[in-house]
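Below are the chains, spelled out letter by letter.
2 protein chains.
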Amino acid sequence: MQTYIKDLLKHVGEEVTLKGWLYNMRSSGKLMFPQLRDGTGIVQGVVVKSSVSPEMWDALKPLGQESSLVVTGRVREDERAPGGVEIDVTNAEVIQSAHDFPITPKEHGPEFLLDNRHLWLRSKKQHAILKVRHTVVKAVRDFLDSDGFTLCDTPIFTPAACEGTTTLFEVDYFGDEKAYLTQSGQLYNEATAAAFGKVYCFGPTFRAEKSKTRRHLTEFWMVEPEMAYATLDDVMSLAERFLSFIARRVLETRQEELKTLERDTSKLEAIVPPFPRVHYDDAVKMLHEGFEQGAVENKFEWGGDLGAPDESYLSSKYDKPVMVHHYPAAVKAFYMKRDPEHDEYALGVDVLAPEGYGEVIGGGERTTSEEFLEQQIAAHGLPKEAFEWYLDLRRYGSVPHSGFGMGIERCTAWMCGIEHIRETIPFPRMLYRLKP
Amino acid sequence: MQTYIKDLLKHVGEEVTLKGWLYNMRSSGKLMFPQLRDGTGIVQGVVVKSSVSPEMWDALKPLGQESSLVVTGRVREDERAPGGVEIDVTNAEVIQSAHDFPITPKEHGPEFLLDNRHLWLRSKKQHAILKVRHTVVKAVRDFLDSDGFTLCDTPIFTPAACEGTTTLFEVDYFGDEKAYLTQSGQLYNEATAAAFGKVYCFGPTFRAEKSKTRRHLTEFWMVEPEMAYATLDDVMSLAERFLSFIARRVLETRQEELKTLERDTSKLEAIVPPFPRVHYDDAVKMLHEGFEQGAVENKFEWGGDLGAPDESYLSSKYDKPVMVHHYPAAVKAFYMKRDPEHDEYALGVDVLAPEGYGEVIGGGERTTSEEFLEQQIAAHGLPKEAFEWYLDLRRYGSVPHSGFGMGIERCTAWMCGIEHIRETIPFPRMLYRLKP
Chain A
106 MQTYIKDLLK
116 HVGEEVTLKG
126 WLYNMRSSGK
136 LMFPQLRDGT
146 GIVQGVVVKS
156 SVSPEMWDAL
166 KPLGQESSLV
176 VTGRVREDER
186 APGGVEIDVT
196 NAEVIQSAHD
206 FPITPKEHGP
216 EFLLDNRHLW
226 LRSKKQHAIL
236 KVRHTVVKAV
246 RDFLDSDGFT
256 LCDTPIFTPA
266 ACEGTTTLFE
276 VDYFGDEKAY
286 LTQSGQLYNE
296 ATAAAFGKVY
306 CFGPTFRAEK
316 SKTRRHLTEF
326 WMVEPEMAYA
336 TLDDVMSLAE
346 RFLSFIARRV
356 LETRQEELKT
366 LERDTSKLEA
376 IVPPFPRVHY
386 DDAVKMLHEG
396 FEQGAVENKF
406 EWGGDLGAPD
416 ESYLSSKYDK
426 PVMVHHYPAA
436 VKAFYMKRDP
446 EHDEYALGVD
456 VLAPEGYGEV
466 IGGGERTTSE
476 EFLEQQIAAH
486 GLPKEAFEWY
496 LDLRRYGSVP
506 HSGFGMGIER
516 CTAWMCGIEH
526 IRETIPFPRM
536 LYRLKP
Chain B
106 MQTYIKDLLK
116 HVGEEVTLKG
126 WLYNMRSSGK
136 LMFPQLRDGT
146 GIVQGVVVKS
156 SVSPEMWDAL
166 KPLGQESSLV
176 VTGRVREDER
186 APGGVEIDVT
196 NAEVIQSAHD
206 FPITPKEHGP
216 EFLLDNRHLW
226 LRSKKQHAIL
236 KVRHTVVKAV
246 RDFLDSDGFT
256 LCDTPIFTPA
266 ACEGTTTLFE
276 VDYFGDEKAY
286 LTQSGQLYNE
296 ATAAAFGKVY
306 CFGPTFRAEK
316 SKTRRHLTEF
326 WMVEPEMAYA
336 TLDDVMSLAE
346 RFLSFIARRV
356 LETRQEELKT
366 LERDTSKLEA
376 IVPPFPRVHY
386 DDAVKMLHEG
396 FEQGAVENKF
406 EWGGDLGAPD
416 ESYLSSKYDK
426 PVMVHHYPAA
436 VKAFYMKRDP
446 EHDEYALGVD
456 VLAPEGYGEV
466 IGGGERTTSE
476 EFLEQQIAAH
486 GLPKEAFEWY
496 LDLRRYGSVP
506 HSGFGMGIER
516 CTAWMCGIEH
526 IRETIPFPRM
536 LYRLKP
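Protein chains in written order, with our numbering: chain A, 106 to 541; chain B, 106 to 541.
All the pointers check out, no bait thrown in.
The list cannot tell twin chains apart, which means a pair is met if one copy fits it or any two copies do.
Lysine-lysine pairs mimicking PhoX-like chemistry, simulated, CA-CA at most 20 angstroms apart:
| hint | residue 1 | residue 2 |
| --- | --- | --- |
| 1 | K540 | K283 |
| 2 | K540 | K489 |
| 3 | K317 | K283 |
| 4 | K317 | K540 |
Simulated from the structure, these hints should not be mistaken for laboratory data. All of these numbers come straight from a predicted model, not from anything done at the bench.
Excised from the complex, chain A in its bound form:
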């Protein structure tokens, strides 16, 4: 019967059996202090030479890091210990004696660590980050499921590009056709929203971007909720509740991991509704003020999309996410609804995370007009026949509808307070990184 390290506090005074790996070993004369990890936590054992057989002592003594072993012992409360307990070891069975584990406490370069990602995952920090990722994913699904959304997974193989064509991965589809890996489930979501009212898709998305920055992955997970009969305002309210729910859930369930990551949790506690809502024009004014004060390097030109330094500057003005809305239509996707009173603006919103984490959510209201959509498709030089099915959504029961997309890895990096997005997914895929 296996007991998990996370549950040890419930077993104080009892004899338990732990199954895991040697995380670290200190010894001092007639005492050994093996640290055991089992995926749920780390606990220190105490082996007294006079209390165990000589064979057992000799078997344990030479074990290298990451040797696998089954340890039996009594749980003793110890306030000084990280998990509040230690194990007085009475027996141990070595499953495999390992030596020369490549990842040691010394500093390794990022390429070495990424080459050994399959082993690096066992280290404390990486473990903590992926536990937070698990919680972010669970929070996302719990929130949407309990808010009346239906999961409608959208296809990975798509016949045409949703946005742009230069950053698509192409797949040979049985020789006679080309398929492209999805960049967004957006258009398909609009079809399922007309069938289910409130829907979401949540799967991997792909960008063949030749960027090698700390914010880019070629393969990342995205959640995209979409609502029929919903406006830009509705989508901003949803984004606000959604992000606040995720942050609260991470705070509630991942205190230990946040401690390992040395995360300033006050930054997460600040993520509560309402979020500031800033019109694009006002954002531009703020950027101009920033430029005059020397806090923004380049003077921002009205009409452009926000760059990373602009986003960082704007978000630095707030301790919670800021929602910039009413972007110039020219920088937003072709299917965005225009502001009925000011045609040059699209009813889109970007939610910028604090602390320089940039855009975590992008979304808005979609056009309901078949005619406008046809004009847009022509103006963007898109092949109309590929969008006939999408036009059908305006021909048959067109309704106001809105939604957004959020990248899971960027959100996880923000929650964790870490710099590199590549650490937020078990096996990152990047421009020069397809292994292991």
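With chain A fixed as given, assemble chain B onto it according to the hints.
Leaving out everything else, chain B in the frame of chain A:
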């Protein structure tokens, strides 16, 4: 303020506003009976000519199927109505008047329906199937999350094939490399299980199979749990609890949809532990008996994998899933552990669903031996360098470990009692089907 149709019973006697689409319209002299759907249900409205303005009457009268409209009215209890209520309409606003919706109550061929999948999703049966799919996915995640599993998404882009190479989709990865779309997260799961103890991956998987059967999709979703320190027996117990949990959850939350699908729910109620466990040799004996009785067309040869007719015959003997274990090693994956007492058997298990739904789960225990694995890699002609990282898992802390994979769409088809797997995913991808 929008009220959802699923909640109407809570609002009897109140005036509510519904936002949706016209599902059907009957009229009779001075009465109209519009059926409204909003994605959460369907309700019938009653419009009395003398109670509404002439303009409203005239606006409603010509509306075609799938016109979008906002209806205000009083909720009246009516036991004969499907949802227990009707709406006495006091006001209605037409959002868009639609005509000639392509999918009518008449019979359409499958190609036509698949071409119009974006609209077909609105029909009652498809809606019900995808609601069940949503519930299957949620049940899977809730079960694993509450059972101590950590979600570790495995990569879609892989550098080498996990099993076989003929059914892989190839992707051009920035010109200088080839990537393959994952067929299974299995090997990566073994790395994350060594870091987290109990893990699962859950994402789309891809098979470039040139099969055009009712059981095949080129893109389908698969969940794969993996446990460190677990044996074949453990994995069979997990599969049993897992499938029973899913069936119970579907029964608890999808009664209405199961009724729409005319599902014999007694078949789902029978899915409770324990499931029969049948050794491959005993399965072969049963197949021989079946052959002698004329119930199996071809005499099964010991040593082969089970074909679809064999699976159907075996599962027809039970009213719950049957777990066939200890397959000949030759028909199972290279990483399977051998039976220590009978080297010709692999410690693998296939779970066959009743009613001819075939293998829903495949899994087993993985080898712990680096040496054995190297032999297998050589014997299967696999490039060793591509598996160096996988061999590392045996070099550093190798432990007994086991897991399985389950295809979500096949499970959903079984839960729904429907024939074609293509109806269990919003946008199916098949040999000749990449659109919409």
